[in-house]
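Visitor: Sequence:
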Amino acid sequence: MFPSIPIVSLVSAYAGAKARQIKRDAMLLCFVGVMALLACAALLGAFAVFVAETHGGVIGLLSAAGVAIFLGGVALAVRTVLHRRAMRRQRMAATSTASAFALTTVASMVARNKTTAIIAGLAIGLAAGAVARSNKS
Numbered sequence: 014m015f016p017s018i019p020i021v022s023l024v025s026a027y028a029g030a031k032a033r034q035i036k037r038d039a040m041l042l043c044f045v046g047v048m049a050l051l052a053c054a055a056l057l058g059a060f061a062v063f064v065a066e067t068h069g070g071v072i073g074l075l076s077a078a079g080v081a082i083f084l085g086g087v088a089l090a091v092r093t094v095l096h097r098r099a100m101r102r103q104r105m106a107a108t109s110t111a112s113a114f115a116l117t118t119v120a121s122m123v124a125r126n127k128t129t130a131i132i133a134g135l136a137i138g139l140a141a142g143a144v145a146r147s148n149k150s
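According to this note's numbering, the residues represented by the sequence shown are 14 to 150, in order.
Read the hints as simulated data drawn from the structure, not as lab findings. Note that the structure is a prediction, hence the values are computed from the model and not measured. Idealized CB from N, CA, C, for every residue including glycine. A portion of the hints provided could be inaccurate.
With beta-carbon atoms standing in for the labels, derived distance ranges [what the hints assert, rightly or not]:
(1) L95 - N126: 43 to 51 Å
(2) G29 - C53: 31 to 39 Å
(3) I131 - L42: 45 to 53 Å
Construct all of the structure, not just a fragment, from the sequences and the given hints.
Guide: Shown next as structure tokens:
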């Protein structure tokens with residue numbers, strides 16, 4: 014049939030990228046969870062100290078809770094940036110793999126039949142135009 018179809022490399026690259034993304038997301042979400050637990054513990058501690066006494070450690074505990082909440086927000090922002098970058102890289106990898114697949118397909122068709130090669134070239138051109146239009150919107 015078709016020599017050197019790069020479907021295996023496409024699936025392997027996608028699976029590797031997805032595994033790295035899931036691992037990174039899990040680490041960041043664990044960090045966010047720890048920060049949320051710290052914020053809850055600090056707020057509870059602040060309430061307990063405030064009830065027991067009105068001066069002293071309350072400001073320290075509330076500021077610790079504020080820092081934990083701020084760090085959790087920073088971690089979520091980092092996750093969002095990394096997720097967008099990973100999605101952009103996945104789109105670029107899929108586009109380049111599709112181009113390589115189209116080139117190998119066209120090369121084998123040209124070797125066999127000129128008419129089929131012309132029809133395939135038109136079909137690939139239409140598909141590439143549709144992909145380019147969908148990426149712009």
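Visitor: Which hints, by number, does the structure contradict?
Guide: Those not satisfied: there are none.
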